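Asker: Below are the chains, spelled out letter by letter.
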Amino acid sequence: MRARVFVTLKPSVFDPQGHTITEALHQMGYTGVGDVRQGKFFELDVEAASPDQAQTLAGEIAHKLLANPVIESYRVEIG
Amino acid sequence: MKFAIVVFPGSNCDHDAYHAAKHVLGHDAEFVWHKETSLRGADVVVLPGGFSHGDYLRTGAIARFSPAMDAVRAFAETGGPVLGICNGFQVLLEAGLLPGAMLRNAGLKFRCEHVFLRVEQTDTPFTSLCSQGQVLRIPIAHGEGNYFAEPHVLAALDANRQVVFRYAAATGEVTPDVNPNGSIHNIAGICNESRNVVGLMPHPERACEPALGSGDGLVMFESVVTALTRA
Chain A
1 MRARVFVTLK PSVFDPQGHT ITEALHQMGY TGVGDVRQGK FFELDVEAAS PDQAQTLAGE
61 IAHKLLANPV IESYRVEIG
Chain B
80 MKFAIVVFPG SNCDHDAYHA AKHVLGHDAE FVWHKETSLR GADVVVLPGG FSHGDYLRTG
140 AIARFSPAMD AVRAFAETGG PVLGICNGFQ VLLEAGLLPG AMLRNAGLKF RCEHVFLRVE
200 QTDTPFTSLC SQGQVLRIPI AHGEGNYFAE PHVLAALDAN RQVVFRYAAA TGEVTPDVNP
260 NGSIHNIAGI CNESRNVVGL MPHPERACEP ALGSGDGLVM FESVVTALTR A
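Those protein sequences? They're chains A and B, same order as listed.
For the first sequence, position 18 (counting from the first letter as 1) is numbered 18 according to the working numbering, and the numbering increases by one without interruption.
For the working numbering, count along the second sequence from 1 and bump the result up by 79.
Hints were generated in silico from the structure; no laboratory data involved.
Any given hint might turn out to be false.
To be verified - 25 Å max Cα-Cα, derived DSS-like pairs, lysine-lysine:
| hint | chain 1 | residue 1 | chain 2 | residue 2 |
| --- | --- | --- | --- | --- |
| 1 | B | Lys-101 | B | Lys-114 |
| 2 | A | Lys-40 | A | Lys-10 |
| 3 | A | Lys-10 | A | Lys-64 |
| 4 | B | Lys-114 | A | Lys-64 |
| 5 | B | Lys-81 | B | Lys-101 |
| 6 | B | Lys-188 | A | Lys-40 |
| 7 | A | Lys-10 | B | Lys-188 |
| 8 | A | Lys-40 | A | Lys-64 |
| 9 | B | Lys-81 | B | Lys-114 |
Unchecked claim - Residues of chain B clear of chain A, computed beta-carbon distances all greater than 10 Å:
| hint | residue |
| --- | --- |
| 10 | Gly-89 |
| 11 | Ser-117 |
| 12 | Thr-157 |
| 13 | Cys-191 |
| 14 | Glu-192 |
| 15 | Ala-234 |
Note that this is a predicted model, so its numbers are computed, not measured.
C-beta: ideal position from N, C-alpha, C; glycine also.
One chain only, chain B, in its complex shape (with noise of 0.2 Å):
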């Protein structure tokens, strides 16, 4: 399998995800600069944490526009697995690849921690070998993680089955006081109508190692593994 990591001016946690797809679980990754228009034939693509653009305007809104973005507009919409982590999750927002829009934390702290998140789907590339309900410790850097949408989008997310993690306690219950960021009804990632286009705050890419304080990230790069390899 290749991964293709696009990487933005301000993006820092490009090698994380490129360490996370190579060194640890033994694929083929590539950088794919956001310049560039092709994605070189990967099977993956992954839009990683980082600053792009120095969060200048808003977060992702110009490293939206990039050249690379087309190409990864291209691969979503034929049914490609797409993975955005924190900034990229932003950029797949302000894309319109995801639908809502984040706002800065509610506490308007940058929150840089460790949370739980509970698993609600496991019918998309990235959680096909999790178990519904399950509860990933994972590290949090972000100080605008607060995920809102209208009314009417938030309705069809739930209808749509298309919110995949929550911020949950260590046993998984879904409660005000574990939200680190205000994200309305805990959201801490989503996928697309088509489930193929995911995006999440927190970093599984920083936890695929118990070393760095969890390895329980690793499964969102095993179960996609699965997944291509199952379609």
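If we strip away everything but chain A, and leave its shape as in the complex, we get (with noise of 0.2 Å):
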């Protein structure tokens, strides 16, 4: 069954590299971007009896290793 995960930094941790990419949008005449964020998208592949097993196991390994839950959020969708 495949699980994705999205992790995002914590709105309130300073994103530089959101911010270098905002600049460079503007630079290229997208002046109309306000804020981006960037985060990281992990695609697993889990051995998982239902969808409600597979979503557990996945947000299980989501807080464990994938996100650090000081500094960052993660959301995992099934399927």
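Starting from the two chains in their separate frames, assemble the complex, guided by the hints.
Answerer: Below, the structure is given as structure tokens:
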């Protein structure tokens, strides 16, 4: 079963990479772009008897390894 | 005294720490491979600098799950002195042995230069021979040294006097323009509540001999020997 995990920096954390991207976009003429936040995306191939089980397993993996809960939040999508 | 230097795949300042402990300080030092489960009776543990696991995922995020880290955790829980240098500090943060987290340098540049540190606490094993406010000239070499902690954690760090080193000017003054990486409150190093685990981004092990640019780091190694001898 496929699980997709999206990890993003918490809003209270300054994102210099996102800021750099915003600046680059403005220089390219995309002045209508406000804030850009850069995150991470993981695709996991997990063994699970049900989507709920996959969700739980992926959530545990996200919490333990894929995200640092001090500075990042995550969400899991199955399928 | 025996120093155990944990080596992760990608650690590259392990030999510098070994050299400092064994050849400069004159004490016993051993490398402990990250897969080992015993620290072999070490009195001091050092987690060295480098790029463990290539800094993949996040700095220190994978190394913290090494078997050796179980032994380090147990050692720290009995009050054993643990020094995390640069990547070692990052591993301690990821392992939860120190509070907070490390972000990419605010200026996005890898900073490789000598900085001045102000010693804020002298009651840790690694600063016991320092004086309050002492300024040390120590090199940094990192791209992710931007220390972050949530406001309530920062408040606790201040209340418990857990900020051990701050980036400062040569005069000891702590100002934003001497902050090389955007670290909150110019924090360069901290300790845990029990004060036996210290992590810092700068490299004292690379400042133990004046011929290499500075000898100011040696006092941290001398301190832990003194602290253990007194105990």
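Asker: Hints first: check each against the structure and report whether it holds.
Answerer: Cross-check of the supplied hints:
{"no.": "1", "hint": "B:Lys-101 <-> B:Lys-114", "result": "holds, 23 Å"}
{"no.": "2", "hint": "A:Lys-40 <-> A:Lys-10", "result": "holds, 12 Å"}
{"no.": "3", "hint": "A:Lys-10 <-> A:Lys-64", "result": "holds, 17 Å"}
{"no.": "4", "hint": "B:Lys-114 <-> A:Lys-64", "result": "holds, 20 Å"}
{"no.": "5", "hint": "B:Lys-81 <-> B:Lys-101", "result": "holds, 9 Å"}
{"no.": "6", "hint": "B:Lys-188 <-> A:Lys-40", "result": "holds, 20 Å"}
{"no.": "7", "hint": "A:Lys-10 <-> B:Lys-188", "result": "holds, 22 Å"}
{"no.": "8", "hint": "A:Lys-40 <-> A:Lys-64", "result": "holds, 15 Å"}
{"no.": "9", "hint": "B:Lys-81 <-> B:Lys-114", "result": "holds, 20 Å"}
{"no.": "10", "hint": "Gly-89", "result": "holds, 17 Å"}
{"no.": "11", "hint": "Ser-117", "result": "holds, 25 Å"}
{"no.": "12", "hint": "Thr-157", "result": "holds, 25 Å"}
{"no.": "13", "hint": "Cys-191", "result": "holds, 18 Å"}
{"no.": "14", "hint": "Glu-192", "result": "holds, 19 Å"}
{"no.": "15", "hint": "Ala-234", "result": "holds, 14 Å"}
Hint compliance for this structure: every hint is met.
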